[in-house]
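K.L.:
Residue strings, one per chain:
Protein chains: 2
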Amino acid sequence: MTEADAPEGEPKAPIDFYFDFSSPYGYLAAQKIDEMADLYDREVDWKPILLGVIFKTTGAQPLLDIPIKGPYARRDMERMARMMGVPITMPEVMPFPSIPAARAVYWVKDRDPEQAVVLIKALYDEAFGKGGDIRDAEAVVRIAGSVGIDNAALTAALGEAAVKERLKTEIEAAMHAGVCGSPFFIVDGEPFWGVDRLDHIERWLATGGW
Amino acid sequence: MTEADAPEGEPKAPIDFYFDFSSPYGYLAAQKIDEMADLYDREVDWKPILLGVIFKTTGAQPLLDIPIKGPYARRDMERMARMMGVPITMPEVMPFPSIPAARAVYWVKDRDPEQAVVLIKALYDEAFGKGGDIRDAEAVVRIAGSVGIDNAALTAALGEAAVKERLKTEIEAAMHAGVCGSPFFIVDGEPFWGVDRLDHIERWLATGGW
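Respectively, the protein sequence lines represent chains U and C.
Basically our numbering = 1-based index in the first sequence + 73.
Basically our numbering = 1-based index in the second sequence + 73.
FYI, nobody ran anything at the bench for these hints, they're computed from the structure.
Please note that the accuracy of each hint is not assured.
As the list claims (entries may be wrong) - Using 30 Å as the maximum straight-line C-alpha spacing, the simulated DSSO-like pairs for lysine-lysine come out as follows:
#	chain 1	residue 1	chain 2	residue 2
1	C	Lys105	U	Lys105
2	C	Lys203	C	Lys237
3	C	Lys129	U	Lys129
4	U	Lys129	U	Lys85
5	C	Lys241	C	Lys129
6	U	Lys105	U	Lys85
Excised from the complex, chain U in its bound form (with noise of 0.2 Å):
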C-alpha cells in the first residue's frame, strides 16, 4: 500500500529499519531516519540484525576487512558522516561482535518498545559516537542500565534459550523479506539498502513510489 492509496484516518505502515550495530552506514542512518519518518507521519520500527548469519548466505565478507574495497569504504563512511554533519568514531576492533547487542534490544523491545530505542541510540553512541566497546554483554548491561534498564534482569535473559531464539527468529524473517546488509528499509513493502538510499526512500514517501 503506497501512501497515495492509504485511506485517510488509517494509521500508515510503519518504516521497518534493519541495522547491524557494528555497522557504521547503520549509525550514520540511525542519527537520520527518525527526522524523516516524522516528516512523513510513520513509525519506525528498529530490528537489529546480525550481518554475520547474512553473509554465510550471501557470502560476503566484512567490508572493512576486504582487499582494495575496506579502505575506500573507511574513507567514505567518514566522508559521508561529514556530509550529514554526524561525529562519527571508530571502534578500535571492527568489524566487532554485536550478539549480545541485539539481543538486548528484542528482550527490552518485548516489554517496552520506546525503551528498546533508547536503548539503540545509547548503544550507538557508545560503538560510534564514542569508538566505546559494546562487544560483551557486560558492556551491554551497563548502557542499558544508564538509561533505566534492571542491571539484573537483562543480565539474566541475555542467557535465556528464548532470547537467544528470538534473535535468530528475527534475522530469519528478515533474510525472508530480502535484506541483505546494513542499514536496510523495508517501506510499503518496497526495499531500500544503504544510508545513500535515504533520499530514495524520502522521495519514496513524499510520492507513494515511481
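Place chain C on chain U using the hints.
P.N.:
For chain C alone, kept in the frame of chain U given last:
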C-alpha cells in the same frame, strides 16, 4: 589539488571515470557524467575496466548472481534508472564478458580520444539502452563501424598482443588507484564509488571538498 586552490586559468584535472561495460550502474553514470563535468568546467577521462579482474583481488562475486542481494540489486537498478529518467533494458546475459569492448575503446582512444567516447556511448546504448549483445568482437566491431571507426583495422587490432596488454595495464593502474567497483570516479585524488555518489561528486566539485 582542489578547485579552490587551482591557479586561475590553469586547466583543472579531468574526472577519472572507471566503468565496466557489463555494469548497469556504470551505464547510468555514463548518461550523467558529461553534464556534471561541463557544469564545473572539467573534462572526463573515460576508462573501461574489467570487474572480473578486480574481483579476483576483492573476492567479490557478480552482483546479480548473489543470493538475496542479486534480486535486490536488479530492483534497485531499475528504480534508480526511473528516478534518474534514464531508460534501461537489461541484456539477456548478465553479467557479460566485456573484454573486446574494453580493448576496442583503448585502441580507439590512443588514436582519437573523442571518438572513443562516441564508441563508449554507442556500446552502452546497445547493451543497456536496447538490451543488446556486445559480448563478441564481431558485435563490437559492427557498433564501432556504425560510428565511423574502420572495421578492418579494429578487427586486426583486437587480436594484437599490444592491445591486450594495454587493457591489462589500465586495469592494474586502476586497482593501484583504489578502484574497487563500477562506476568509480577519482576527482582531484578523491575516490567515489557508485552512481549513488554522483551527488557527493557534484558537491565536491562545487566546494573543493569537506
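K.L.:
Please go over all the hints and tell whether each is borne out by the structure.
P.N.:
Outcome of the hint check:
1. Lys105(C) x Lys105(U): Distance of about 28 Å is within 30 Å: holds.
2. Lys203(C) x Lys237(C): holds, 28 Å
3. Lys129(C) x Lys129(U): Cα-Cα ~19 Å, so holds.
4. Lys129(U) x Lys85(U): Given that 30 Å is the threshold and the Cα spacing comes to 34 Å, the pair is violated.
5. Lys241(C) x Lys129(C): Satisfied, since the Cα-Cα distance of roughly 14 Å is no more than 30 Å.
6. Lys105(U) x Lys85(U): holds, 19 Å
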